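K.L.:
One letter stands for each residue in the lines below.
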Amino acid sequence: MSMREKIEQAAAAYPDQRSAIMPALVIAQKEHGHLPGPVLEEVADILGVERIWVYELATFYTLFHTEPVGMFHLQLCDNVSCMLCGSENLLRHMEGALGIRRGDTTADGLFTLSTVECLGACEMAPVMQIGDDYHGDLDVARLDALLDSLRAAAGRVADDERASQPLPGE
Amino acid sequence: MFEPVLLKNIEAANGHLLSTYEAGGGYQALRKALSENTPDELVELVKQSNLRGRGGAGFPTGMKWSFVPKGTDKPKYLCCNADEGEPGTFKDRIIMERDPHQLIEGLAVSGYAIGAETAYVYVRGEYVTAIRRLEQAIAEAHERGYLGKRILGTEFNFTVHIHCGAGAYICGEETAMLESLEGKRAQPRLKPPFPAVAGLYASPTVINNVETLACVPHIVTRGAAWFRGIGPDKSPGPKLYCVSGQVKKPGLYELPMGIPLRELVEEHAGGPLPGRKIKAVIPGGVSAPVIPEPGLEVGMDFDSLAAVGSMLGSAGVIVVDDSTCMVKVATRIVEFFHHESCGKCTPCREGLNWTVKVLRRIEAGEGAPGDLEQLDMLCKGIFGNTFCALGDGAAMGLRAALKHFRDEFVAHIEERRCPFH
Numbered sequence: 207m208s209m210r211e212k213i214e215q216a217a218a219a220y221p222d223q224r225s226a227i228m229p230a231l232v233i234a235q236k237e238h239g240h241l242p243g244p245v246l247e248e249v250a251d252i253l254g255v256e257r258i259w260v261y262e263l264a265t266f267y268t269l270f271h272t273e274p275v276g277m278f279h280l281q282l283c284d285n286v287s288c289m290l291c292g293s294e295n296l297l298r299h300m301e302g303a304l305g306i307r308r309g310d311t312t313a314d315g316l317f318t319l320s321t322v323e324c325l326g327a328c329e330m331a332p333v334m335q336i337g338d339d340y341h342g343d344l345d346v347a348r349l350d351a352l353l354d355s356l357r358a359a360a361g362r363v364a365d366d367e368r369a370s371q372p373l374p375g376e
Numbered sequence: 284m285f286e287p288v289l290l291k292n293i294e295a296a297n298g299h300l301l302s303t304y305e306a307g308g309g310y311q312a313l314r315k316a317l318s319e320n321t322p323d324e325l326v327e328l329v330k331q332s333n334l335r336g337r338g339g340a341g342f343p344t345g346m347k348w349s350f351v352p353k354g355t356d357k358p359k360y361l362c363c364n365a366d367e368g369e370p371g372t373f374k375d376r377i378i379m380e381r382d383p384h385q386l387i388e389g390l391a392v393s394g395y396a397i398g399a400e401t402a403y404v405y406v407r408g409e410y411v412t413a414i415r416r417l418e419q420a421i422a423e424a425h426e427r428g429y430l431g432k433r434i435l436g437t438e439f440n441f442t443v444h445i446h447c448g449a450g451a452y453i454c455g456e457e458t459a460m461l462e463s464l465e466g467k468r469a470q471p472r473l474k475p476p477f478p479a480v481a482g483l484y485a486s487p488t489v490i491n492n493v494e495t496l497a498c499v500p501h502i503v504t505r506g507a508a509w510f511r512g513i514g515p516d517k518s519p520g521p522k523l524y525c526v527s528g529q530v531k532k533p534g535l536y537e538l539p540m541g542i543p544l545r546e547l548v549e550e551h552a553g554g555p556l557p558g559r560k561i562k563a564v565i566p567g568g569v570s571a572p573v574i575p576e577p578g579l580e581v582g583m584d585f586d587s588l589a590a591v592g593s594m595l596g597s598a599g600v601i602v603v604d605d606s607t608c609m610v611k612v613a614t615r616i617v618e619f620f621h622h623e624s625c626g627k628c629t630p631c632r633e634g635l636n637w638t639v640k641v642l643r644r645i646e647a648g649e650g651a652p653g654d655l656e657q658l659d660m661l662c663k664g665i666f667g668n669t670f671c672a673l674g675d676g677a678a679m680g681l682r683a684a685l686k687h688f689r690d691e692f693v694a695h696i697e698e699r700r701c702p703f704h
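One line per chain: the protein sequences are A and B, in this order. For the first sequence, position 137 matches number 343 in the working numbering, and the numbering has no gaps at all. For the second sequence, position 71 matches number 354 in the working numbering, and the numbering has no gaps at all.
Derived from the structure by calculation, the hints contain no laboratory data. Just so we're clear, the structure is a prediction, and the values are computed from it rather than from any experiment. Wrong hints could be hidden among the right ones.
[Said to hold, decoys possible] BS3-like mimics (lysine-lysine), calculated; alpha carbons at most 30 Å apart, straight line:
hint: 1; chain 1: A; residue 1: K212; chain 2: B; residue 2: K353
hint: 2; chain 1: B; residue 1: K353; chain 2: B; residue 2: K532
hint: 3; chain 1: B; residue 1: K663; chain 2: B; residue 2: K532
hint: 4; chain 1: A; residue 1: K212; chain 2: B; residue 2: K686
hint: 5; chain 1: B; residue 1: K663; chain 2: B; residue 2: K686
hint: 6; chain 1: B; residue 1: K560; chain 2: B; residue 2: K531
hint: 7; chain 1: B; residue 1: K640; chain 2: B; residue 2: K686
hint: 8; chain 1: B; residue 1: K330; chain 2: B; residue 2: K357
hint: 9; chain 1: B; residue 1: K432; chain 2: B; residue 2: K330
hint: 10; chain 1: B; residue 1: K640; chain 2: B; residue 2: K663
hint: 11; chain 1: A; residue 1: K212; chain 2: B; residue 2: K532
hint: 12; chain 1: B; residue 1: K330; chain 2: A; residue 2: K236
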């Protein structure tokens, strides 16, 4: 299904197309990884709504990214329950292990490191969200293992992409 | 012996599937409601149960339903508040992930009671698993005739849509949620008009929390007297308590409303970590004023907590032990509200920015004489002066920390360092 078709399908749930802007932005971000200006304008055009309405939502909600993020967006919760369970130490450790500061992306484009407000999973604090998945009860050892598994997954993705490229002369 | 009902299916391997829910008697309440009760009778039943909203404010649910005007030509909407974002709170996520049909049945019964044919579940976007499970459950319910047209052979039509949020705590405020559902920035509306009269698309709208809606099928099946028989008269029923922080067994506990906070923390949640002592407990999410350890005998219900100057809120219980600096906790709480302020009201937008700067300075050992009086003044300037409760939440949390742990703030300023580092 194309992005347009997905957005039109989502919009059918509402009597007013403006309501569909946020679901449409979720779909567009999944499709493009982030939401640059031309994508926002395409969303507005598909829904037939004012472009400024789309811009104002894309810049209000923290899950929408108008700038690119790494292949893995590491979103560490540092709110009270996670803070009490050691999230500060985990942040320092990740900054050292990745060689970047909070808010930055590694030079290879693999990791973006962020801290976020409560993820609503305080029973497994400290918690980090990576993509769609939550990782809880984190400590330094678990964190290192997690980063290693992500690097390995990225390697597999790169191998798959190379394999799917046509060979010279094909 | 207390029998858990809300978390009955939570540990089941396939608690999210229709087959599991039906095997435990699921959707019998919808069948009973549609065949035996008029909508008015259901509203009256929920009124008699004295169910109070589990989202934080504790407003009587049946009374809220009864505010929906009759005889209007406008469509009526039911909105489920699943934008759970109060730090310390995770109960709604667990219901949606592990027993989503309980919520869907609650929505259908409640929709019938208020005369709505459409419901929107506003789920915070971070809850990807919950959203997937709800989507699957809605599809299953449609297939089995619990949602859709002519439900169970009656004249009742009802559809549930999921509206995925995108990361903003303010969306949990009911009028801000309506703005967000209408495709605008989530900023609170001035009330009145109240949503029951002019809510989503200016139509009559009821907004209930996930846990509130999950209670409804059990009230229909077991009766108002059963519900009222659990916990205190003025705020009865089973209650989900989220326990987190510096405690041995963090987790979600279903217990009677009104259980003593000490029993919840020390017996059910296992007490403090080895070698530590409990210093304080935040009983209802970070906006709920902190309670120092000697006050833990208080009952966990709306009125008992209000009587000691705190509140049940979302029942997100955060345990703080004696290794922790309360200035740091208070700073983190206000930082949260500052970050999440939608920016509509000056006292919240500007006041919290100022408050955070003063708190960070104190925690860093750079506090000045007069800082505490300035914080007191800022709390006074913010509390009660904003459209919604976000500013109030920040001010209440800080006020309690300043009241109960003022000595720690003073030590930071006098010693020009954090005594805990």
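K.L.:
Now, for every hint given, state plainly whether the structure supports it.
P.N.:
Against the structure, the hints:
Note on A/K212 and B/K353: the hinted pairing is violated, with a Cα-Cα distance of about 37 Å set against a maximum of 30 Å. Restraint check for B/K353 and B/K532: the C-alpha separation of about 48 Å exceeds 30 Å, so the hint is violated. Annotation: proposed proximity of B/K663 to B/K532 is violated, straight-line Cα distance about 37 Å (limit 30 Å). Distance hint between A/K212 and B/K686 is unfulfilled; the C-alpha atoms sit about 53 Å from each other, more than 30 Å.
Our distance criterion of 30 Å between C-alpha atoms is met by B/K663 and B/K686, whose separation comes to about 14 Å. With a C-alpha separation of about 12 Å, the suggested pair B/K560 and B/K531 falls inside the 30 Å cut-off, and the hint holds. Proposed proximity of B/K640 and B/K686 is supported: the alpha carbons are some 20 Å apart, at most 30 Å. As the CA atoms of B/K330 and B/K357 are separated by approximately 25 Å, the hinted pair is consistent with the 30 Å bound.
Distance hint between B/K432 and B/K330 is fulfilled; the C-alpha atoms sit about 28 Å from each other, no more than 30 Å. About 17 Å separates the Cα atoms of B/K640 and B/K663, which keeps this hinted pair within 30 Å; it holds. About 43 Å separates the Cα atoms of A/K212 and B/K532, which puts this hinted pair outside 30 Å; it is violated. A distance of roughly 44 Å separates the Cα atoms of B/K330 and A/K236; the hinted pair therefore is violated under the 30 Å criterion.
The structure fails to meet hints 1, 2, 3, 4, 11, 12 from the earlier list, while all remaining hints are met.
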